[in-house]
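Undergrad: Per the working numbering, the sequence shown starts with residue 4, numbered consecutively.
Calculated directly from the structure, the hints in this document are not laboratory data. Predicted model, so just to flag it, every value in this text is computed and none were measured. The beta-carbon is built from N, C-alpha and C at its ideal position, and this holds for glycine as well. Just to be clear, a hint being listed does not mean it is correct.
[Said to hold, decoys possible] No more than 16 Å apart at the CA atoms, straight line, and that leaves these computed lysine to aspartate or glutamate pairs for EDC-like:
(1) LYS108 / ASP464
(2) LYS236 / ASP223
(3) LYS235 / GLU250
[Unchecked claim] Across the chosen pairs, the derived CB separations fall in these ranges:
(4) THR445 / LYS527: 46 to 52 Å
(5) GLY63 / GLY447: 43 to 49 Å
(6) ASN233 / GLY465: 40 to 46 Å
(7) ARG463 / GLN19: 20 to 26 Å
(8) ARG502 / CYS342: 41 to 47 Å
(9) GLN48 / HIS444: 39 to 45 Å
(10) HIS444 / ARG97: 45 to 51 Å
(11) GLY165 / CYS342: 18 to 24 Å
(12) SER50 / LYS192: 37 to 43 Å
(13) LYS166 / LYS298: 16 to 22 Å
(14) GLY413 / THR190: 41 to 47 Å
(15) ASN233 / GLY334: 22 to 28 Å
(16) GLU514 / GLN365: 24 to 30 Å
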Amino acid sequence: MKLYWHDSLEWLYPDQLKENALKTKTPVLDVPRGGIASIVLVVDQVSAETEISIAADTPGCQLFEMVDVCVNINTAEDCFAAMNGKTVSKSAVRLAPYRVYDPLKPCGGTFRGPGAVLVQFPVKRNAKTGENTITLTVSDGAERKEMSFRYCVHAVTLPEVGKDSIFLTNWTSWANLKRESGAEAFTAKFWRKVAEHAAMMKHARHNMFLVPLTPFLKYDNGSFSLDTKNLKKLIQTCTDAGIHWIEGGHLAYRGAGGWTAPDFEVICSKNSVQSVAGNGDLAAICRSLMDFIRKNKLEKRWIQHATDEPIYENATAFRVLTGLIRKYMPGIPLMDAVCQTEYTPGALDIWCPQVQNYQADQAKFEAMRAQGDHLWTYTCCCPGGPYLNRLLDGELTRPLLLGWGCGNYGLEGFLHWGWNYNLSYPDGSRQDPFEETATKHTSGSNYLPPGDTHLVYPGRDGTVWSSCRLEAQREGMEDWELIRQLMKKDPVKCRKIIRTVFRAFNDFTPEPAAIRKARKSLLKELTIC
4 MKLYWHDSLE WLYPDQLKEN ALKTKTPVLD VPRGGIASIV LVVDQVSAET EISIAADTPG
64 CQLFEMVDVC VNINTAEDCF AAMNGKTVSK SAVRLAPYRV YDPLKPCGGT FRGPGAVLVQ
124 FPVKRNAKTG ENTITLTVSD GAERKEMSFR YCVHAVTLPE VGKDSIFLTN WTSWANLKRE
184 SGAEAFTAKF WRKVAEHAAM MKHARHNMFL VPLTPFLKYD NGSFSLDTKN LKKLIQTCTD
244 AGIHWIEGGH LAYRGAGGWT APDFEVICSK NSVQSVAGNG DLAAICRSLM DFIRKNKLEK
304 RWIQHATDEP IYENATAFRV LTGLIRKYMP GIPLMDAVCQ TEYTPGALDI WCPQVQNYQA
364 DQAKFEAMRA QGDHLWTYTC CCPGGPYLNR LLDGELTRPL LLGWGCGNYG LEGFLHWGWN
424 YNLSYPDGSR QDPFEETATK HTSGSNYLPP GDTHLVYPGR DGTVWSSCRL EAQREGMEDW
484 ELIRQLMKKD PVKCRKIIRT VFRAFNDFTP EPAAIRKARK SLLKELTIC
């Protein structure tokens, strides 16, 4: 039996278990109070399906068996997946098809080797500073070995996830929540599954939860009614998990004409937002929501979407839509993912462009901030190629470096659509997130790139599984919080540290060692300050 340490920010492949093994015998991990020390233990040169047992000498140490998935199609150089004539991204770490470890299955100390385990140690917010050692005892039944790593706690404390932490949201699929729970919506089993996802989100520093509106609206003979009982239950479930912000789901979607459709249709009724009937629909929905918000004292927690990704061709309809929402939901901030600003200035309170669009039109977006608006950013099936995203065939540090980029520009939040959005198709087939990480879009001819639809996995044991990408994103959110602290104390030193790993969303240093060195510098400077 051979044991190796592997950096948790470096991809690990089943066919290359020994590749990129850390050369140091006892690695040291630098963490703030409230952070998580993470490292990968590789177990090699054992017979297939050998039962491996691992025990840590430190209470609170958590072990996750790393499960492999298939990257079936690469990301394209521009966006989407490399299908229909699109060229493979020049930044792809490997050419598809190949297998890579991403899902993380809680294993409780035993798993089948050869393989790997992610070792995590959550550091308490009141932990003593200094260096500590954790030793793992590993047995394959024939021999027993020990492996140790160290973690150094710095005198810096991460803020608790909640109202004042950095905004982070990933959208959940309501249909997949039902499927994973094996029950209909609003049953006890369903609510347990919602709570499980909410807890995972809190672990990964999410402080927002998308509330889809259609499950709570009944539309009958031209009139709407709101299921306030179950809406309150959803909000309470997320609140109990520690998630503060409520993200009201979209009130309209594109009408006939696809991406360039000139109009939007109100949810449920499908009436044009520019019609008298659509005005009445929005008035009914928004007034019901406002009554609920006021009754439950949620005015300071609710942020509302209008629609998704408006463009020039439907700018007029978007202005009508946001104007009506403001009329019927006064005082509630409006936020949407957007592509440009020049055709809709003033329509939103929170602007959320894709990273490459923010970078290309930074002055225009910053002009919105100068007027008192707020700036977030997002990624989705775009961008591909050299840009940061959270896909399976870019470096594993890319999801982490999104936090550094956002911190560099002083952005206030990050959004992605794909938390557990494994797709279903009209013919009844469904995307298998373990074997079909890239999949055809449900409309049009494009394919979504590997990992775009999901950041967590429906575990084969019935639980929600985290992923290497989610843990990398979490670390990036922790670093972003550190950057925000240092920017307030010494912005010159902070920007100097950032530049060692991030210059732009398409110009960065992906090597884990460089990122860990930069993080240590942040922690040291914050300790001095």
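Undergrad: Does each hint fit the structure? Answer for all of them.
TA: Here is what the structure says about each hint:
no. : hint                        : verdict
1   : LYS108 / ASP464             : 9 Å, holds
2   : LYS236 / ASP223             : 23 Å, violated
3   : LYS235 / GLU250             : 14 Å, holds
4   : THR445 / LYS527: 46 to 52 Å : 48 Å, holds
5   : GLY63 / GLY447: 43 to 49 Å  : 48 Å, holds
6   : ASN233 / GLY465: 40 to 46 Å : 23 Å, violated
7   : ARG463 / GLN19: 20 to 26 Å  : 24 Å, holds
8   : ARG502 / CYS342: 41 to 47 Å : 28 Å, violated
9   : GLN48 / HIS444: 39 to 45 Å  : 43 Å, holds
10  : HIS444 / ARG97: 45 to 51 Å  : 23 Å, violated
11  : GLY165 / CYS342: 18 to 24 Å : 31 Å, violated
12  : SER50 / LYS192: 37 to 43 Å  : 39 Å, holds
13  : LYS166 / LYS298: 16 to 22 Å : 21 Å, holds
14  : GLY413 / THR190: 41 to 47 Å : 44 Å, holds
15  : ASN233 / GLY334: 22 to 28 Å : 25 Å, holds
16  : GLU514 / GLN365: 24 to 30 Å : 26 Å, holds
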